[in-house]
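Novice: Residues per chain are reported as follows:
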Amino acid sequence: MITSSEGKSSVMAVPAASNMRLATRLRRSLRRDPSLFFMPALLIVSVAITVAIHPQFSDFDLQSLAMGALPLAFAAAAQTVVVIAGGIDLSIGSVMAVANVLAASAMEKASFEQSLLLAVAVLMAGAAIGALNGLIVVLSRIPDVVATLTSGFIWGGVALVILEKPGGGAPQEFLNLGTGTLFTPWLPNALVLLVAAVGVIWIPLRRSKLGLQLFAVGSDRIAAFRSGVNIDRTRFAAYIFSGLFSAVGGLGLTMTTGIGAPLAGVYYTLSGLAAVVVGGVSLAGGRGRMLGPVMAAFVLTLIPTDLIFLNIDPNFGQVIQGTLIVVIVMIGGFVDMERNRK
Amino acid sequence: MTERAKTVFSRVVAAVTGGGLVSLLRTRTIVVLVLLLLALVAGIELARPGTVNALWASNMMLFAAPLGIVAAGQTLVMLTGGIDLSVASVATASAYLMATHSGLGVAPAILYGLGVGFVVGLINGIGVALLRVQPLVMTLGTGLMTEGMLVVYSQKKMADAPRVPQFIEDLGAGKFLGGIPNDLIVWAPIAIILIFVLRRTGYGRLLYAIGDNSKACSLAGIRVWRILLLNYVTCGLLAAAAGLIIVGGTDSAELRLAEVYLLPSVAAVIIGGTSIFGGRGGYSGTIIGALILTVLNSILTLLDVPESVRQILYGAIILLLAAAYTRLTD
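If you read the sequences in order, they're chains A and B. Using our numbering, read the first sequence as starting at 2 and increasing by one per residue. Using our numbering, read the second sequence as starting at 77 and increasing by one per residue.
Chain B stretches covered by chain A per the calculated footprint, using a threshold of three residues with CB under 8 Å from any CB of chain A:
#, region
1, 199-213
2, 217-225
3, 336-348
4, 371-385
5, 390-399
Cβ pair distances, simulated, as ranges:
#, chain 1, residue 1, chain 2, residue 2, range
6, B, Q231, A, V328, 23 to 31 Å
7, A, L118, B, V107, 54 to 62 Å
8, A, P167, B, R403, 37 to 45 Å
9, B, L180, A, L311, 29 to 37 Å
10, B, L207, A, A49, 23 to 31 Å
11, B, R403, A, F61, 49 to 57 Å
The hints are simulated quantities; they were obtained by calculation from the structure and are not laboratory data. We put the beta carbon where it would ideally sit given N, CA and C, even for glycine.
All chains should be built: construct the whole structure from the sequences, respecting the hints.
Specialist: Structure (structure tokens):
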């Protein structure tokens, strides 16, 4: 109850807040949403730890961090849209795999210009897959967890049909979009691409009517319905954007790995969800920012890197990831309980 | 569709079918499931005459048992409105740990396997019941933890390769009395006990009550957390037991051994008529659900299509079944 009314008030407060002074606005949003402060702090701390244990941290390390985090950040972004609308999408990894193998098998012998056109086609395919997921969830009335778990299984099969074994490729200039650097070695293309793609897709969406509806549906479905929001259409739209972000993530996988791998995407469903949770987006829906999960993707990518620097088995990274999810949700639960008590 | 149109629609349907069939479908869903299962079997026999015989039936039971056991735990958890996404990792870890400890003898090795299920189940239970983490997130987290630990462990254990003891092999692949699969010795008692517990005991009633309205339960003085804790531990133990049977059937402990069981374990429960929101359903439906999925798998194997196409068809049919079911019972 508390969470839903809070989510609503934060939605309503946006237009009023835009007239306020920056400092007041910042203080207010900090109080309303501590994760706004928490996430950048966590990212800075984890970068600081990395630099501390690995003082020769170079532009090359930054580049490999950005490349490693790129697909995960898009997986997290895809999940964030659906989670904000009060749903969940367990098919993201498979959709990324489909986009990854589609791109790698189509671009193998393409020129750079052709590969850009093909990339647009892959994005549209991703949105179409997302739309199908949305249709399944909305029309079948199967709970979204089960529906997307199953559709993810199907898309995993589709990825295997397109490309049975890891292979394919893309022109070097296209790969360079994800692996190269811009102006200085300290500004990896992957980072630019991430900021650009998330900015171009998410910011207009967040400010549009549909964006408001996503938050409204996620925070209180009945209230949203009574305010005239078309619930089914909004949830459907959330899955389209999830598919679109997943497709960008799949393209990112192609750029950073140079090939298509039908099974590579699987990992990203769960890790993306982990980034969403760590990034402070409430799984109850209606609350959260895109910045959190995207930054969390970097933190989660840094963990195995740090473990390697410390000479610890990097597979502990997954254990830490699992622990982080649980601990952070528990802390969130305690914070909510404290708030309820007041 | 408006409310009015809906009533008109259902009246028309009732008039067409004489009212008997639809209401039968709604109240006795288990009948529909059994009919569907029989239809699938008949379909196989029509497509490939001679396929359906005693050996085929006993093989179906053999393959259905591990799924039925994982789905048993999943049923318990879903009845209370939860879900356990860690079952596949637990089953794999249980099988692997058992196989690497087989040098100690069969009984200790099995205890190691079941121990994994107990520990992960306990952590899940503590998280969900005491710390009120959403089951989806909690079991997702513990699943990742279990998987990660297993990878680390398997690399440390490179020297002594996992070995599946003969007893486990017999359990997972053998048959007795000319065709009764051995793993039925594990599954049948679990099924009987579970159906009895859910229908006839206070614990069973409480599971339904919690799934229906856990707040009302705790206001009525029920210690909800105890029931939930016990529930997740049971689910972990069942998943671990299933892992042992699975590895007995394949005879090699791999790191992705039971991964394929996650989706069917959830699907069998849903198709079997247990609501994911809790409070409705039962294990008998899940048994039929597990059998339907196993028969379906065997049909897809008979089709002789690539693994990837099978995967697509399998998922699509699960979606159709679940959609039909959700529509029917809503």
